[in-house]
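Assemble the complex: chain A is given as a structure, and chains B, C and D must be docked to it using the hints.
So the chains spell out like this:
Protein chains: 4
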Amino acid sequence: MIGHQRVRDEEGGSARLLALSDGVFAIALTLLALDISVPAGLNPAGFRHALGDVTPNVWAYALSFLVIAAFWRGHHQIFQYTSEVDGTVIRLGLLSLGLVALMPFPTTLLAEYGDQPQAVAVYCGAVAAMGAAQLALTVALWKRPWLCSAALPDPVVRNDVIDLASTVLVFAVAVPLAFVSPTGAKLWWAVLIPVKWVTGRRGKRLRVAAQQPGAT
Amino acid sequence: MIGHQRVRDEEGGSARLLALSDGVFAIALTLLALDISVPAGLNPAGFRHALGDVTPNVWAYALSFLVIAAFWRGHHQIFQYTSEVDGTVIRLGLLSLGLVALMPFPTTLLAEYGDQPQAVAVYCGAVAAMGAAQLALTVALWKRPWLCSAALPDPVVRNDVIDLASTVLVFAVAVPLAFVSPTGAKLWWAVLIPVKWVTGRRGKRLRVAAQQPGAT
Amino acid sequence: MIGHQRVRDEEGGSARLLALSDGVFAIALTLLALDISVPAGLNPAGFRHALGDVTPNVWAYALSFLVIAAFWRGHHQIFQYTSEVDGTVIRLGLLSLGLVALMPFPTTLLAEYGDQPQAVAVYCGAVAAMGAAQLALTVALWKRPWLCSAALPDPVVRNDVIDLASTVLVFAVAVPLAFVSPTGAKLWWAVLIPVKWVTGRRGKRLRVAAQQPGAT
Amino acid sequence: MIGHQRVRDEEGGSARLLALSDGVFAIALTLLALDISVPAGLNPAGFRHALGDVTPNVWAYALSFLVIAAFWRGHHQIFQYTSEVDGTVIRLGLLSLGLVALMPFPTTLLAEYGDQPQAVAVYCGAVAAMGAAQLALTVALWKRPWLCSAALPDPVVRNDVIDLASTVLVFAVAVPLAFVSPTGAKLWWAVLIPVKWVTGRRGKRLRVAAQQPGAT
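Protein chains in written order, with our numbering: chain A, 11 to 226; chain B, 11 to 226; chain C, 11 to 226; chain D, 11 to 226.
Heads up, a few of these hints could be off.
Chain copies aren't distinguished; within one or between two, either way the pair holds.
Derived DSBU-like pairs: lysine-lysine, alpha-carbon spacing no greater than 35 Å straight-line [said to hold, decoys possible]:
#: 1; residue 1: Lys153; residue 2: Lys214
#: 2; residue 1: Lys206; residue 2: Lys196
#: 3; residue 1: Lys196; residue 2: Lys214
It is worth saying that the hints were derived from the structure and are not from the lab.
So that you can see chain A by itself, here it is in the shape it has in the complex (with noise of 0.2 Å):
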């Protein structure tokens, strides 16, 4: 207690910034299949000629839309316990937010230049720049348990730090490697499904640990 007095500059519930989150998820969302569209007064043959040619921003769609709804996942388990907001925490979900609402613009490159290193380097900065300032919003919450109804038992924690910082690890390390091999940083994005898979498993067994009568 003495020589680190808490300050609690609490700025009120944590409704409202997860409103303003949750509307800045669903909007980015939706506006990433803006991108797939096909232009009007086609005649037949070219119609379905520009109808193949959309398939690169579905595909496009679906990895940013799993990509932002883990993210939204994410944001929905470490604000499950928090029942108060404070200046950094605000600060933090916002900058979280700016980068969620980016995300349809390297979305855009990405299927539109899939093959250029540029598109593919800055599609991995925002999802590593994303996974960062989630991280920071992680460990913010973490050490303000005043904040919180209740406390995240600390295995939980850990095991979703170590999930965002190997999301920013993988999409950090793959923003060289899209200048050596665009292909190549892609394919290195599926390191990411085996330690998705790991810590997706530890994760549920601890919370469902933690909800057994008995547990802390």
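What follows is chains B, C and D alone, placed relative to chain A:
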């Protein structure tokens, strides 16, 4: 109890998944209308002509609004008594939203290329996929009564499942049909009118019964 | 009781319908402004000229913002004491949202082709339709006191109905008027200013009276 | 009491005004980023060039995100203890949202024509107007303690008023300044950095004091 130990891995209340869902539904509904537009700077005759050309877009908007609004109402009904969500429900819920967010694209296709088999097939496929995702979500919630504050009466859920399954079936059958005749596929949709009328009335009757004192 | 057995088919609380509505209102309000833009890459003189050309779009935005905001405020008032919704309320609520979501289109028409009878007529028709849907919703809620946590005082609702009906009437009359004179139709809207002033003041007085101790 | 009889015309809880506000803020924040785009179908050299041209849009996005996020945080603070709203608060709240929804337009102007006096002046005018509306809203809530569940301590509100008034002043002064020198006007904004630093620290200190046991 023994043999099938229920694993509880709730990830918190359903409030945020519903907030995200309402956001995505609201945006998808509103973006549908963005397609209705007239180029700027036309002369009076050109303007009147362009205004007439907008008619198929208005019809496509009305149709897709009806479809998405019906899915929203179904979503509202299945989550009515849900108070908690787990990983599976979140994953199916997000998948469902990803398909809702896609809807503006097939709607535009239908408005601009409604006489092309591919456009009609893509539209039917998108609606069938959205229906299948919502069907999976409905069944998942039905099989997880521990996530609900009150059990949905079995006959109500069974009626909802029949309603959704018939939507999926009609639109899935319309996909190959569109390649035979795009107009035929659209007329085939009308099969859903009596089906919806019957399931709608039965659903209402079952719900009224469930709310009467002395009911389950 | 006898002779008109009330059928209860509530489909749950009003929270999600209101969340969807606030979402659609928020997006429609924001998309209105998307039409205000200047092409990129002009020279300084061209830029100043294009900036001047944006003025009618700003006026159309202000007008439609006012209209949609007024409808939102009315929506807020009629749902103030509503705690449950049933099938009819959901259907009317969704119809109403479908018309709100359409508003960016007639707004653009008015900004770009405000001197064309068809553009003014479409705008007036859209506002009249939106008003009629909200009027139907208001009457439906008034006739279903069992959905409300507290009864809205009859004089307050009657005043709201007069207010909405006069909006519908003025804009419906403006549709044929626009074909006689687009400018005349726009001047005719000004009739609503004194009407709204009177109903607004009366509504405030009635609400104050209803909130005084000993009222109802 | 006598001489100034308080007229209560509450129009219900603040929940829906806040939901609409969070929606408009979320959409405005996300639409800001739509301006960051690269045309499709360029060759590698053209693509790299176009990607470089996007830099001013990214800066304008970051600046406007910061501005809108700061306004959202202020909005969050002033509504923290508000539980009811009346006609004046709704009107000022909606006016404020109308100006927030406009922000994507001046942001694009600044990104595309940042060296033109008119573009900088429009941007400054838009931020000043948004600040003035929020200032009016803050004062209106301060003067209506009966709408609040707990009184905001006077020093906290006074600090918020100074903070907003200084934002309005700096951006209003920048409007004529932009016609002398667009770059000068942008450098002048930096005056706000120390002002915000001081009001931010004071606000935090005052809030901490107000939350200590035995305060107010």
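Consistency of the hints with the structure:
For the identical chains of this complex, Lys153 and Lys214 are neighbours both inside a copy (22 Å) and across copies (19 Å), given an alpha-carbon limit of 35 Å. For the homomeric pair Lys206 and Lys196, the shortest alpha-carbon distance inside one copy (16 Å) is at most 35 Å, but the shortest distance between copies (43 Å) is not. Proximity of Lys196 to Lys214 under the C-alpha cut-off of 35 Å is restricted to the intra-copy arrangement: shortest distance 28 Å within a copy versus 45 Å between copies.
Checked against the numbered hints listed earlier, the structure breaks none of them; every hint is satisfied.
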